[in-house]
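**Student:** Quick mapping for you: the protein sequence lines, in order, are chains A and Y.
Just so we're aligned, residue 1 is where the first sequence starts under my numbering, counting upward by one.
Just so we're aligned, residue 1 is where the second sequence starts under my numbering, counting upward by one.
Keep in mind that the hints were calculated from the coordinates and are not lab data.
One thing to keep in mind: the hints can contain errors.
The list cannot tell twin chains apart, which means a pair is met if one copy fits it or any two copies do.
[Claimed, not checked] DSSO-like mimics (lysine-lysine), calculated; alpha carbons at most 30 Å apart, straight line:
(1) LYS49 <-> LYS240
(2) LYS157 <-> LYS91
(3) LYS157 <-> LYS47
(4) LYS52 <-> LYS258
(5) LYS52 <-> LYS240
(6) LYS82 <-> LYS240
(7) LYS154 <-> LYS2
(8) LYS175 <-> LYS258
(9) LYS240 <-> LYS45
(10) LYS47 <-> LYS177
(11) LYS175 <-> LYS91
(12) LYS120 <-> LYS175
(13) LYS139 <-> LYS154
Keep in mind the model is a prediction, meaning the values are calculated, not measured.
Protein chains: 2
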Amino acid sequence: MKLTILGCYAATPRTITNPTSQVLEIRNRMFLIDCGEGTQVQLRKNKLKFSKINHIFISHLHGDHFYGLVGLISTFMLLNRKTDLHVYGPKGIKEIILLQLRYANSFTGYNLYFHELESKESEVVFEDDKVIVRTIPLKHRIYTNGYLFQEKAKERKLNIDAVENYKIDVAYYRKIKYGGDISLSDGTVIPNAELTFDPEPTMSYAFCSDTVYDESIVPLIENCDILYHETTFLESEADKAESTMHSTARQAAVIAQKANVKQLILGHYSTRYANIELFHQEAVGVFPNVLLADDGRIFEFD
Amino acid sequence: MKLTILGCYAATPRTITNPTSQVLEIRNRMFLIDCGEGTQVQLRKNKLKFSKINHIFISHLHGDHFYGLVGLISTFMLLNRKTDLHVYGPKGIKEIILLQLRYANSFTGYNLYFHELESKESEVVFEDDKVIVRTIPLKHRIYTNGYLFQEKAKERKLNIDAVENYKIDVAYYRKIKYGGDISLSDGTVIPNAELTFDPEPTMSYAFCSDTVYDESIVPLIENCDILYHETTFLESEADKAESTMHSTARQAAVIAQKANVKQLILGHYSTRYANIELFHQEAVGVFPNVLLADDGRIFEFD
Chain A
1 MKLTILGCYA
11 ATPRTITNPT
21 SQVLEIRNRM
31 FLIDCGEGTQ
41 VQLRKNKLKF
51 SKINHIFISH
61 LHGDHFYGLV
71 GLISTFMLLN
81 RKTDLHVYGP
91 KGIKEIILLQ
101 LRYANSFTGY
111 NLYFHELESK
121 ESEVVFEDDK
131 VIVRTIPLKH
141 RIYTNGYLFQ
151 EKAKERKLNI
161 DAVENYKIDV
171 AYYRKIKYGG
181 DISLSDGTVI
191 PNAELTFDPE
201 PTMSYAFCSD
211 TVYDESIVPL
221 IENCDILYHE
231 TTFLESEADK
241 AESTMHSTAR
251 QAAVIAQKAN
261 VKQLILGHYS
271 TRYANIELFH
281 QEAVGVFPNV
291 LLADDGRIFE
301 FD
Chain Y
1 MKLTILGCYA
11 ATPRTITNPT
21 SQVLEIRNRM
31 FLIDCGEGTQ
41 VQLRKNKLKF
51 SKINHIFISH
61 LHGDHFYGLV
71 GLISTFMLLN
81 RKTDLHVYGP
91 KGIKEIILLQ
101 LRYANSFTGY
111 NLYFHELESK
121 ESEVVFEDDK
131 VIVRTIPLKH
141 RIYTNGYLFQ
151 EKAKERKLNI
161 DAVENYKIDV
171 AYYRKIKYGG
181 DISLSDGTVI
191 PNAELTFDPE
201 PTMSYAFCSD
211 TVYDESIVPL
221 IENCDILYHE
231 TTFLESEADK
241 AESTMHSTAR
251 QAAVIAQKAN
261 VKQLILGHYS
271 TRYANIELFH
281 QEAVGVFPNV
291 LLADDGRIFE
301 FD
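Required output: the full structure, derived from the provided sequences and hints.
**Tutor:** Dropping the structure here:
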């Protein structure tokens, strides 16, 4: 699992910082999460292939999370994209994008599907054979979702020595990998545990930006491997966090601790802070495994 | 008169080039012309004050000319702008911007005025005591206008020696500067020409992007000082220019020559060309005074 931070600062794009956008690569799928202004340039800077993006998840309709989407969709047109593109986001996103394409008299040469969200309960928004994505309803000034990306259980690993020893036909390997026991021709049943090793563990990634401190998300993200949680402010500006419905670094760490995640990544820093190291200092006081997102930073997890 | 090119490339923003946007400073007014994605970052890079921008002119509703507008309007909000902001552009621009602000549940703390254009005839869209701005109807794939910025005639310069010699009271200086003759107490009329020098010449700037080759604009921009004319393609791609309703460098130069402008500035290059110097080479074969726009380039004219 690889996470590339394209932008992780709040509010306005600046010369040196970008609004929220990140790319999650998991089981050979590439998911774009949020798409602030300048995302397409950040994709280029980070040498990520436009053609590999087929699913875009938008958390909410504040500009620093989606003003780059219409430009990216237009660029896909100019690049003669043919592959389907799926956009997941709050109700309204379709109207906003299509209105602009209509005035430009532009039509995508690819199928553009909008999956508009309205539910306040967690729901599955994407699922294939390897990955499942659920919403994490967040509390912000407007309707907002985080997203939980979970790898599905992988196949068990074949114990080649064991299957060859029992002279099991190759035709049964798939059944074995999926956990099946095997009956030999003499009627003996070989339990799967004798024929396989445990699969590699699956990974999960929870993206939570933007939100006020909200313990109700804890059951949804419990035990997940990586939690990206916003922290627009430090505790010294806790009142501002509350009034703008954002979180402090300490609050993000409390959520990480309560949810028993393995790793917390902080982001969505207010540009008022010159030194983001302060966010790390504040969070590690509560939860030890804290990493700081920064534009262009890449995290790889096994 | 000072022109700062924030972006002058066609189509998609890239790591090293930006879509169309430029700032014209004239008689202490700052006009933003077009606003492609990333314009606010380009404004910062070029150290132009956001607070000095009160009038934004949008040529047409293709993304590379206005996708940065909603972000700039949002940033003005975050900067607690109070001054009125005027946006001039094709009908539809108001609906596009307000729809996005509405979904974001955002309200500008400043008055935001949209001046929507529909006319296919040139019209005055802005006028104050020093500058007048007219549309230049262009022919492109969708409704498009260029803009002609003209300084109004300046006051005549007082010939201090002459007015003091005639002992003319200071109260009459304003009348003299505006071209009036003066009657002395003995009835003698002193013609204005004796009391003043000619004013500094006024400047005019025509912005024409995007358009197919179109001689009908010549009377509108005739004798203007500076013409910025698009040239998306070179003559080798003249068919592509025609089919996408853009111009070649040679065609831009022909327009400059026919309109008898003093200076031609080329821009809106297709990103297919690695070396924009080719545009200069092609244009100077037809019209001698050619300058190349490039992102971050500043032109000052007296």
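**Student:** If a hint holds in the structure, say so; if it doesn't, say that too.
**Tutor:** Structure-based check of each hint:
{"no.": "1", "hint": "LYS49 <-> LYS240", "result": "between (38 Å within a copy, 27 Å between copies)"}
{"no.": "2", "hint": "LYS157 <-> LYS91", "result": "neither (43 Å within a copy, 62 Å between copies)"}
{"no.": "3", "hint": "LYS157 <-> LYS47", "result": "neither (34 Å within a copy, 59 Å between copies)"}
{"no.": "4", "hint": "LYS52 <-> LYS258", "result": "neither (35 Å within a copy, 49 Å between copies)"}
{"no.": "5", "hint": "LYS52 <-> LYS240", "result": "between (39 Å within a copy, 29 Å between copies)"}
{"no.": "6", "hint": "LYS82 <-> LYS240", "result": "between (45 Å within a copy, 22 Å between copies)"}
{"no.": "7", "hint": "LYS154 <-> LYS2", "result": "within (18 Å within a copy, 63 Å between copies)"}
{"no.": "8", "hint": "LYS175 <-> LYS258", "result": "neither (39 Å within a copy, 79 Å between copies)"}
{"no.": "9", "hint": "LYS240 <-> LYS45", "result": "between (33 Å within a copy, 29 Å between copies)"}
{"no.": "10", "hint": "LYS47 <-> LYS177", "result": "neither (36 Å within a copy, 61 Å between copies)"}
{"no.": "11", "hint": "LYS175 <-> LYS91", "result": "neither (42 Å within a copy, 63 Å between copies)"}
{"no.": "12", "hint": "LYS120 <-> LYS175", "result": "neither (39 Å within a copy, 71 Å between copies)"}
{"no.": "13", "hint": "LYS139 <-> LYS154", "result": "neither (33 Å within a copy, 58 Å between copies)"}
Consistency with the previously given hints fails for numbers 2, 3, 4, 8, 10, 11, 12, 13, ordered from lowest to highest.
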